[in-house]
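S.K.: Listed below are the residues making up each chain.
Number of protein chains: 2
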Amino acid sequence: MSIVYLVPCFGLLALLFTAFRSAWVTRQDAGNDRMKEIAQHIADGAMAFLKAEYKILTYFVIIAALLLGYMGASHANSHWSIALAFVVGAIFSATAGFIGMKIATKANVRTAQAARTSLAKALQVSFTGGSVMGMGVAGLAVLGLGSLFIILKSYFGAAANTAEMIKTIEVLTGFSLGAESIALFARVGGGIYTKAADVGADLVGKVEAGIPEDDPRNPATIADNVGDNVGDVAGMGADLFGSYVATVLATMVLGSETASNDAFGGIAPILLPMIIAGTGIIFSMIGTFFVKISDSAGLNTSVVQRALNMGNWGSIVLTLIASWFLVNWILPDTEMTLRGHAFTKGQVFGSIVVGLAVGTLMSIITEYYTAMGKRPVQSIIRQSATGHATNIIGGIAVGMESTTLPILVLAAGIWGSYSFAGLYGVAIAAAGMMATTAMQLAIDAFGPIADNAGGIAEMSELPKDVREKTDILDAVGNTTAATGKGFAIASAALTALALFAAFVGVAGITGIDIYKADVLAGLFIGGMIPFIFSSLAIAAVGRAAMAMVEEVRRQFREIPGIMDGTGKPEYDKCVAISTNASIREMLAPGAIALIAPLLMGFIAGPEVLGGFLAGATVSGVLMGIFQNNAGGAWDNAKKSFEKGVDINGETYYKKSDPHKASVTGDTVGDPFKDTSGPSMNILIKLMSIVSLVIAPTLADRFHTRDAAPVTKVQEAHKSVKAPVVTYVQKVK
Amino acid sequence: MSIVYLVPCFGLLALLFTAFRSAWVTRQDAGNDRMKEIAQHIADGAMAFLKAEYKILTYFVIIAALLLGYMGASHANSHWSIALAFVVGAIFSATAGFIGMKIATKANVRTAQAARTSLAKALQVSFTGGSVMGMGVAGLAVLGLGSLFIILKSYFGAAANTAEMIKTIEVLTGFSLGAESIALFARVGGGIYTKAADVGADLVGKVEAGIPEDDPRNPATIADNVGDNVGDVAGMGADLFGSYVATVLATMVLGSETASNDAFGGIAPILLPMIIAGTGIIFSMIGTFFVKISDSAGLNTSVVQRALNMGNWGSIVLTLIASWFLVNWILPDTEMTLRGHAFTKGQVFGSIVVGLAVGTLMSIITEYYTAMGKRPVQSIIRQSATGHATNIIGGIAVGMESTTLPILVLAAGIWGSYSFAGLYGVAIAAAGMMATTAMQLAIDAFGPIADNAGGIAEMSELPKDVREKTDILDAVGNTTAATGKGFAIASAALTALALFAAFVGVAGITGIDIYKADVLAGLFIGGMIPFIFSSLAIAAVGRAAMAMVEEVRRQFREIPGIMDGTGKPEYDKCVAISTNASIREMLAPGAIALIAPLLMGFIAGPEVLGGFLAGATVSGVLMGIFQNNAGGAWDNAKKSFEKGVDINGETYYKKSDPHKASVTGDTVGDPFKDTSGPSMNILIKLMSIVSLVIAPTLADRFHTRDAAPVTKVQEAHKSVKAPVVTYVQKVK
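Chains as they are written, first to last, in this note's numbering: chain A, 57 to 788; chain B, 57 to 788.
In short, the hints are calculated from the structure, not lab data.
No farther apart than 27 angstroms at their CA atoms in a straight line, the calculated lysine-lysine pairs in the DSS-like style are these: (1) A:Lys695 with B:Lys716; (2) A:Lys711 with B:Lys711; (3) B:Lys177 with B:Lys699; (4) B:Lys430 with B:Lys710; (5) A:Lys262 with B:Lys711; (6) A:Lys711 with B:Lys710; (7) A:Lys107 with A:Lys92; (8) B:Lys520 with B:Lys716; (9) A:Lys92 with A:Lys520; (10) B:Lys716 with A:Lys716; (11) B:Lys262 with A:Lys710; (12) A:Lys716 with B:Lys695; (13) A:Lys262 with B:Lys716; (14) B:Lys710 with B:Lys262; (15) B:Lys716 with A:Lys710; (16) A:Lys716 with A:Lys262; (17) A:Lys711 with B:Lys262; (18) B:Lys710 with A:Lys716; (19) A:Lys716 with B:Lys711; (20) B:Lys262 with A:Lys716; (21) B:Lys711 with A:Lys710; (22) A:Lys711 with B:Lys716; (23) A:Lys107 with A:Lys629; (24) A:Lys572 with B:Lys572; (25) A:Lys262 with B:Lys710; (26) A:Lys430 with A:Lys716; (27) B:Lys695 with B:Lys710.
These numbers were taken from a predicted model, which means no experiment stands behind them.
The whole structure should be built from the sequences, with the hints applied where relevant.
M.R.: Structure below.
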């Protein structure tokens with residue numbers, strides 16, 4: 057049984073790595089005074105946002121925890137522990153965001169300075185910054201989940217397939233709920249911030265005033281660079297923390313239902329996802345050492361891309377090999393069963409392979425649809441020649457088309473992993489995909505660091521070759537960010553299905569029959585949620601960007617000498633606009649995600665809520681892929697003009713009319729790909745977790761457990777009388 | 057039993073009305089020679105398109121009929137009759153489109169001439185043109201359905217709840233399949249044609265050359281006016297013909313399963329939807345006489361709108377009252393039962409009321425989201441001040457937001473109509489909504505006629521006040537077109553559900569459980585179809601518009617004196633571009649709609665196909681509402697600039713920068729609202745009908761009927777051995 061203690065140890069090891077690498081980054085040269093001053097502006101702005109955000113979220117966490125403690129859980133002796141676990145999850149998630157932002161605002165200026173000497177050094181600094189964040193997030197997740205599991209298991213005295221084990225897992229669901237709630241707010245808030253600043257800075261600076269990106273004369277430029285940190289770093293950190301926890305948890309929930317005759321007292325299916333996550337961290341650490349280039353390799357993106365691929369694929373392949381041994385060691389030789397589906401450990405490994413195949417294919421397809429030089433981006437470039445409108449039509453068509461292959465891959469993945477090992481297979485497939493989150497995040501986070509480094513280089517008026525080097529890193533970062541999103545949506549879809557399956561079990565229903573009129577109505581309403589959520593997020597960016605545009609126009613108009621550099625722009629006013637707008641605007645979409653499943657469940661019952669979740673998952677995955685890829689393709693269509701593009705035999709460069717049309721597309725794509733698109737995967741998981749948390753209460757309220765028990769969980773649940781039902785009925 | 061003979065009589069009456077009113081339109085003055093010449097150009101272009109389209113569709117119909125005859129049907133003595141019914145349905149649908157286009161290309165120039173004397177006269181001519189089309193479509197539908205039912209019933213010797221009655225209805229499904237297939241191609245082909253021409257004409261003419269809409273110097277202007285006829289008239293006619301037939305048929309299918317002890321030998325639930333459709337025609341005729349204005353009422357839109365509302369509401373209220381009497385007369389006093397759900401005739405009337413309430417609410421919500429002066433359009437106008445990109449972001453956000461209320465209304469409607477009278481209630485709710493299709497279509501079709509009249513006035517250089525009058529009619533037409541789309545999508549959703557329910561019964565499955573992994577995979581794939589379909593349709597418009605832009609630019613460049621009116625533009629080249637592009641590009645999306653359900657069904661079985669249909673319906677309804685409303689809102693945001701709009705205290709007019717941004721939004725919205733958006737409702741119905749047609753074959757192939765029969769239909773189906781199964785197996 058002592059194997060479970062390995063899990064928090066993996067987490068501590070990752071945090072140790074984080075501390076060491078972070079100290080290394082801090083030791084690097086932070087450049088001249090001008091660079092330090094600008095970096096300080098960015099760091100202050102980012103910290104101001106985080107403070108404002110966390111203040112609001114503290115209120116939210118306290119209120120939600122009180123509500124959860126009062127009514128959310130169904131067992132007399134666990135509902136306050138769920139509330140407590142919720143608070144811990146929220147704090148861990150916030151910490152993950154904080155760590156990421158702290159290191160990113162240090163690594164940015166040091167990357168700029170490193171780029172003054174060599175590309176290899178710049179990559180080293182920025183990637184180390186990213187890996188500090190990746191390891192920090194993964195370490196906190198494994199540490200939190202592992203130690204909570206150990207503490208709760210001994211506190212409740214839980215053994216396999218007992219009511220106590222169910223309680224243990226139920227409380228862990230609270231941890232995941234806390235993590236995922238913070239993730240949603242951080243992703244949406246950060247996404248609004250960064251895009252309001254970006255769109256605002258671009259529209260007036262680039263388009264109207266005709267000054268380059270990151271020009272220090274642009275009052276919104278500091279806000280723009282702060283945005284990279286609060287959106288692409290802190291937001292993404294909280295996002296992946298939540299996803300990682302949710303995926304492991306979903307497998308644990310289904311594992312707790314699985315009958316297994318193993319050497320660990322029957323809890324091997326619960327332990328497996330945690331152990332795989334832990335080893336994934338080790339191999340991600342090893343993978344980071346593969347990410348190196350030599351200065352003699354020249355200044356081009358393919359060298360950098362190859363180094364990152366080495367690290368990424370190295371850690372994935374190593375984790376896959378290790379998984380084979382782990383599965384063989386931990387799972388029993390005899391068959392396991394989950395809800396009537398029997399499977400062997402070999403089949404569990406088969407599901408893990410399916411998961412990794414799905415993730416890989418999703419990344420490849422995403423890259424195809426968003427990469428420069430490929431057919432989709434080329435088609436947008438061609439359509440830019442006939443103006444803004446055809447550019448937009450082209451991008452929307454590409455985004456919609458790009459849902460086809462991923463959905464077919466995903467459908468095959470669901471079917472394949474299920475054929476191997478039933479619902480446990482679907483869950484472990486997602487867990488396998490997410491095992492190398494630490495490396496994924498390192499690769500994702502180095503991009504915004506390099507982007508920021510470029511901004512600092514521009515604003516400090518460093519030589520052109522510095523910006524050239526950071527631009528190479530930034531371009532590679534854009535590709536990895538797009539493929540990372542493909543990976544994230546695939547794992548989210550599988551995780552949501554696993555949570556959905558767990559919900560069915562706990563809620564005491566035997567199926568979700570959309571032939572029933574009310575369930576179908578639920579499917580419709582669920583399908584609509586990603587639309588209204590996206591609308592709110594996109595509209596928020598539009599509104600905040602307009603406020604930013606007006607402020608920048610005002611400063612250009614009113615501050616004398618601002619254009620010739622003798623007048624100083626008021627950076628802080630723009631920072632304040634983004635901060636206030638994002639904090640205010642993140643509340644409504646966040647509230648929808650939390651409240652909609654509660655309403656559906658308590659008004660219409662668990663089966664309708666199941667239909668709702670299915671509708672939301674399908675529509676959320678589609679909208680996520682559509683928005684991420686349309687945004688990515690527009691972005692790279694615009695970037696293609698930097699080197700010049702051929703349209704019908706003529707070559708067009710920046711500032712040509714087709715380029716202007718491509719800037720419009722990029723601007724429309726910004727909130728798609730950085731605000732609402734990436735929020736979709738959090739949205740669908742969060743709604744599933746909320747449903748899972750209220751499932752026992754719903755089961756009592758709608759008497760779904762009164763029929764003969766179907767699964768062991770339902771049987772175990774039945775033995776515990778729920779004291780909060782009377783309260784809920786009173787409330788209604 | 058003789059009551060059934062009333063149905064084709066209603067149809068003949070409507071066609072008689074069509075002939076009389078058509079003759080009246082032809083008798084009106086067609087204006088001066090210049091007007092006649094231009095009108096002839098337009099009529100020729102429209103006819104050329106229809107010829108090209110119908111040629112391709114003839115091949116399609118012959119091949120599809122042969123396939124259907126060979127393998128689509130499951131009963132030895134009915135599969136060739138299904139194929140025959142399919143051909144008849146296709147011919148009727150094509151005829152409906154043809155009638156509409158013939159009258160529209162006559163009414164347009166006569167409306168222009170009438171507008172030289174008075175607005176009242178212009179409304180009379182254009183609305184009479186629209187009503188010819190409306191009555192023609194409804195008359196053909198009722199005549200076709202009614203006489204086929206009578207012929208087949210006596211040919212098979214069918215009585216209530218027998219295998220012969222099932223065969224009768226099955227063959228009728230073939231009629232609906234033919235109608236809906238043509239509808240899809242006509243809608244998509246016409247939609248691509250009209251928007252390619254419109255976008256092409258606007259982008260070069262208005263934006264680049266700075267000449268007004270419908271200027272005779274613009275080479276694409278004839279194509280643009282042809283487009284109004286082939287897209288908004290012929291396309292819409294085929295669309296509504298298909299929808300009307302599908303809705304009545306879906307109710308008949310479920311009616312054939314309903315046990316009813318009535319005075320018509322048990323077939324009262326089958327007769328009811330046909331009789332309601334027939335009386336709806338009569339009251340639509342009466343309603344047309346309410347649509348009149350007096351010349352003393354002045355030149356404004358509200359007078360015209362009020363007259364149309366009078367006609368619309370008059371016919372709806374009269375039909376509702378008549379329905380009460382019809383339900384009471386036709387349905388039995390005793391309870392009816394359908395799949396275990398017992399209901400009374402009072403409850404059936406309740407469902408009809410729910411259907412009309414849903415339709416009304418949908419229209420009101422759609423109007424809110426697309427009308428000038430309301431919050432959504434105002435928000436887009438405001439966002440036009442900061443450029444093209446924020447205008448687009450604003451429109452997309454409005455479109456996505458606009459799904460919320462309609463989905464809630466729809467969900468409530470599904471739940472409500474089901475609570476009243478089970479699945480029969482859901483179907484009859486849709487049939488009630490569609491009863492006044494003749495009037496709906498009259499109101500929808502007068503808009504493009506008036507639009508064309510304006511074009512002819514402009515090109516013939518008639519005095520400004522003529523264009524003013526046609527513009528008033530056009531503006532009202534835009535509003536009625538938008539609300540008509542809201543109505544169409546709501547009725548399509550209910551119809552699709554009814555067809556879906558019919559499919560479940562015929563396929564011999566007891567439910568569609570999305571908790572099963574393969575069914576969930578089907579739900580994902582189904583949800584993706586509207587995305588790839590929209591992508592293809594939108595991209596087709598983009599490509600065709602680009603070709604048009606290049607041709608117009610070429611003509612402006614190469615034809616000497618084209619801008620000062622001494623050189624003559626080559627209108628026919630632009631007409632040819634639109635014609636060829638639309639015929640070529642309509643094939644891929646059409647094929648997807650037909651082939652996808654076949655593949656899903658034969659590979660994965662009926663329950664997975666059920667999941668697929670549910671996914672496609674939910675996603676199709678959402679995408680339809682999103683695209684229709686975003687497009688409508690962008691259009692009216694642009695139109696608002698004609699009278700000047702206030703943004704932050706400044707007034708902006710046409711040719712201002714915010715107006716240019718609004719033109720971009722309108723152009724993006726064009727394919728949304730006139731190509732892919734309105735196709736969504738045909739898409740989801742067509743896929744349901746295809747599934748229904750193959751359901752018996754699937755049931756045999758997957759042995760779903762081997763278990764105990766669940767419904768009478770399944771029992772009856774079981775008694776007929778399917779001879780084509782072996783063939784299908786051989787093919788596979």
